[in-house]
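Position 276, counted from 1, in the sequence shown is what the numbering used here calls 405; the numbers after and before it change by one each time, with no gaps.
It is possible that part of the hints are untrue.
[As the list claims (entries may be wrong)] Mimicking SDA-like on lysine to any residue, the simulated pairs with C-alpha atoms at most 20 angstroms apart in a straight line are:
{"id": "1", "residue 1": "408", "residue 2": "384"}
{"id": "2", "residue 1": "217", "residue 2": "194"}
{"id": "3", "residue 1": "266", "residue 2": "132"}
{"id": "4", "residue 1": "270", "residue 2": "361"}
{"id": "5", "residue 1": "217", "residue 2": "241"}
{"id": "6", "residue 1": "431", "residue 2": "177"}
{"id": "7", "residue 1": "395", "residue 2": "381"}
{"id": "8", "residue 1": "268", "residue 2": "440"}
{"id": "9", "residue 1": "427", "residue 2": "270"}
{"id": "10", "residue 1": "134", "residue 2": "177"}
{"id": "11", "residue 1": "132", "residue 2": "169"}
{"id": "12", "residue 1": "427", "residue 2": "209"}
{"id": "13", "residue 1": "395", "residue 2": "420"}
{"id": "14", "residue 1": "267", "residue 2": "152"}
{"id": "15", "residue 1": "408", "residue 2": "270"}
[As the list claims (entries may be wrong)] Between beta-carbon pairs, the in silico distance windows are:
{"id": "16", "residue 1": "420", "residue 2": "301", "range": "27 to 35 angstroms"}
{"id": "17", "residue 1": "342", "residue 2": "247", "range": "43 to 51 angstroms"}
{"id": "18", "residue 1": "359", "residue 2": "397", "range": "32 to 40 angstroms"}
{"id": "19", "residue 1": "442", "residue 2": "271", "range": "37 to 45 angstroms"}
{"id": "20", "residue 1": "288", "residue 2": "141", "range": "17 to 25 angstroms"}
{"id": "21", "residue 1": "407", "residue 2": "132", "range": "39 to 47 angstroms"}
{"id": "22", "residue 1": "176", "residue 2": "270", "range": "41 to 49 angstroms"}
Keep in mind the hints are simulated off the structure, nothing from the lab. By construction, the Cβ of each residue, glycine as well, lies at the ideal position given by its N, Cα and C atoms.
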Amino acid sequence: MKKIKVGIAGLGRLGRTHAQNLAFSIPGAELVAACSVVAEELEYAKKELGVANTYDDFGQMCCNPEIDAVAIVSPSAFHAEQIKAALKAGKHIFCEKPLAVSEEECIAIEEEVAKHPECIFMLGFMRRYDPSYAYAKKKIKEGAIGKPYLVKATGIDPDAAAEQLLSSGFIPNSGGIMLDMGSHDIDLMRWFLEDEVASIYAVGSVVKYPEFAKQGDMETACATFTFRGGGIGQFHVGRISCHGYHIETEIIGTEGSIRISPVPEKNLAMIYNHTGAVKECVGSFPERFAVAYAEEMKEFIKCVQEGRKPDIDVHDGTAATVVSAAAQKALETGEIVRL
Numbered sequence: 130m131k132k133i134k135v136g137i138a139g140l141g142r143l144g145r146t147h148a149q150n151l152a153f154s155i156p157g158a159e160l161v162a163a164c165s166v167v168a169e170e171l172e173y174a175k176k177e178l179g180v181a182n183t184y185d186d187f188g189q190m191c192c193n194p195e196i197d198a199v200a201i202v203s204p205s206a207f208h209a210e211q212i213k214a215a216l217k218a219g220k221h222i223f224c225e226k227p228l229a230v231s232e233e234e235c236i237a238i239e240e241e242v243a244k245h246p247e248c249i250f251m252l253g254f255m256r257r258y259d260p261s262y263a264y265a266k267k268k269i270k271e272g273a274i275g276k277p278y279l280v281k282a283t284g285i286d287p288d289a290a291a292e293q294l295l296s297s298g299f300i301p302n303s304g305g306i307m308l309d310m311g312s313h314d315i316d317l318m319r320w321f322l323e324d325e326v327a328s329i330y331a332v333g334s335v336v337k338y339p340e341f342a343k344q345g346d347m348e349t350a351c352a353t354f355t356f357r358g359g360g361i362g363q364f365h366v367g368r369i370s371c372h373g374y375h376i377e378t379e380i381i382g383t384e385g386s387i388r389i390s391p392v393p394e395k396n397l398a399m400i401y402n403h404t405g406a407v408k409e410c411v412g413s414f415p416e417r418f419a420v421a422y423a424e425e426m427k428e429f430i431k432c433v434q435e436g437r438k439p440d441i442d443v444h445d446g447t448a449a450t451v452v453s454a455a456a457q458k459a460l461e462t463g464e465i466v467r468l
């Protein structure tokens, strides 16, 4: 089967994960180009990944006729314009979440994608490809917990990364904690409950790092969602987990429940020493979801090769952004937001 030649935009932490997978781990894929406005990242692509074609302009990369598909892993604010440029150039697209930072941009992207049915489009909600989450979905489909009606989720970044995050300039441009940190959980709630959000209530606080408030964001936030069919969603997102990167999800049904990662353990080893019995925890999202990132990219390449649409489509991106924005509004106003 033909190899799919890919150009990647963005070589930050997650961009490098995708680039390394495309260069070395994804059957049927060949990383042939990289785009970044950071010279150091382009040097990395040349020296470490063996990429011959490097660009500081995304439009120029899309003009390369050798490229079949692009992977967009750039900052969120650039996604809309880069998706449109790639579609215009006839490229298949893998785009990291979020689809865009506003409902208007998302709807415009949906319309553009619909105009190019020949182009495969896939959004990067990688948790659906994590073995544990995929297993949970399979068991729910099989009726293992009856009808699911409540999804509870926790997602907290490591405290060790907070100061770097605050000094990076990212927070004022992130769209707020709900869009930055909540969209994966919102997507999982929609996926597990197979329903759409009807209303949202949210609260938040800043306790440890006042700089989050000074930069216009929250350090911790909680939200409750009601769904059209009667289901409920709850999540807690934050930026100060002292023990590492903490992701936890519980799906409760009429006949049982499934709990994923109640302890964010690094592996199955237990350390016994003077501190007690200790399980080390994962330290970052690339580490926790390493398999999921590879599996989702394998699926994208297969979809391009086979000419079929992926299960995650452009509307999933719109829904996550719309609900995240509504959650941010609920957080800022203290009011229930209805969709």
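Going down the list of hints, with the structure as the test:
Annotation: proposed proximity of residue 408 to residue 384 is violated, straight-line Cα distance about 31 angstroms (limit 20 angstroms). Distance check on the hinted pair: residue 217 and residue 194 sit about 13 angstroms apart at the alpha-carbon level, within 20 angstroms; holds. Simply put, residue 266 and residue 132 have alpha-carbon atoms about 31 angstroms apart, too far for the 20 angstroms limit, and the pair is violated. Proximity of residue 270 to residue 361 is assessed by CA-CA distance (about 18 angstroms); at most 20 angstroms being required, the pair is judged to hold.
Restraint check for residue 217 and residue 241: the C-alpha separation of about 9 angstroms stays at or below 20 angstroms, so the hint holds. About 25 angstroms separates the Cα atoms of residue 431 and residue 177, which puts this hinted pair outside 20 angstroms; it is violated. A distance of roughly 25 angstroms separates the Cα atoms of residue 395 and residue 381; the hinted pair therefore is violated under the 20 angstroms criterion. Restraint check for residue 268 and residue 440: the C-alpha separation of about 18 angstroms stays at or below 20 angstroms, so the hint holds.
Between residue 427 and residue 270 the CA atoms are separated by roughly 23 angstroms; this puts the pair beyond 20 angstroms, and the hint is violated. This hinted pair checks out: residue 134 and residue 177 have alpha carbons roughly 18 angstroms apart, not beyond 20 angstroms. Taking the CA atoms of residue 132 and residue 169, the gap is about 28 angstroms. The hint is violated against a cut of 20 angstroms. Between residue 427 and residue 209, the direct Cα distance comes to roughly 24 angstroms. Violation of the 20 angstroms bound is thereby established for this hinted pair.
With a C-alpha separation of about 13 angstroms, the suggested pair residue 395 and residue 420 falls inside the 20 angstroms cut-off, and the hint holds. A threshold of 20 angstroms between alpha carbons decides the hint, and for residue 267 with residue 152 the separation of about 31 angstroms lies outside it, so the pair is violated. Pair hint residue 408 plus residue 270 does not hold up; C-alpha atoms about 32 angstroms apart against a cutoff of 20 angstroms. Remark: the range hint 27 to 35 angstroms for residue 420 to residue 301 is upheld by a beta-carbon distance near 33 angstroms.
Between residue 342 and residue 247 the beta carbons are some 47 angstroms apart, a value that agrees with the proposed interval 43 to 51 angstroms. Taken as a hint, the range 32 to 40 angstroms holds for the pair residue 359 and residue 397, whose Cβ atoms sit roughly 38 angstroms apart. At about 24 angstroms, the CB distance of residue 442 to residue 271 disagrees with the hint of 37 to 45 angstroms. For the hinted restraint 17 to 25 angstroms between residue 288 and residue 141, the CB-CB distance of approximately 21 angstroms keeps it satisfied.
Separation of residue 407 from residue 132 is about 45 angstroms and conforms to the stated range, judged on CB atoms against 39 to 47 angstroms. At roughly 45 angstroms, the beta-carbon separation of residue 176 and residue 270 lies within the given 41 to 49 angstroms, and the hint holds.
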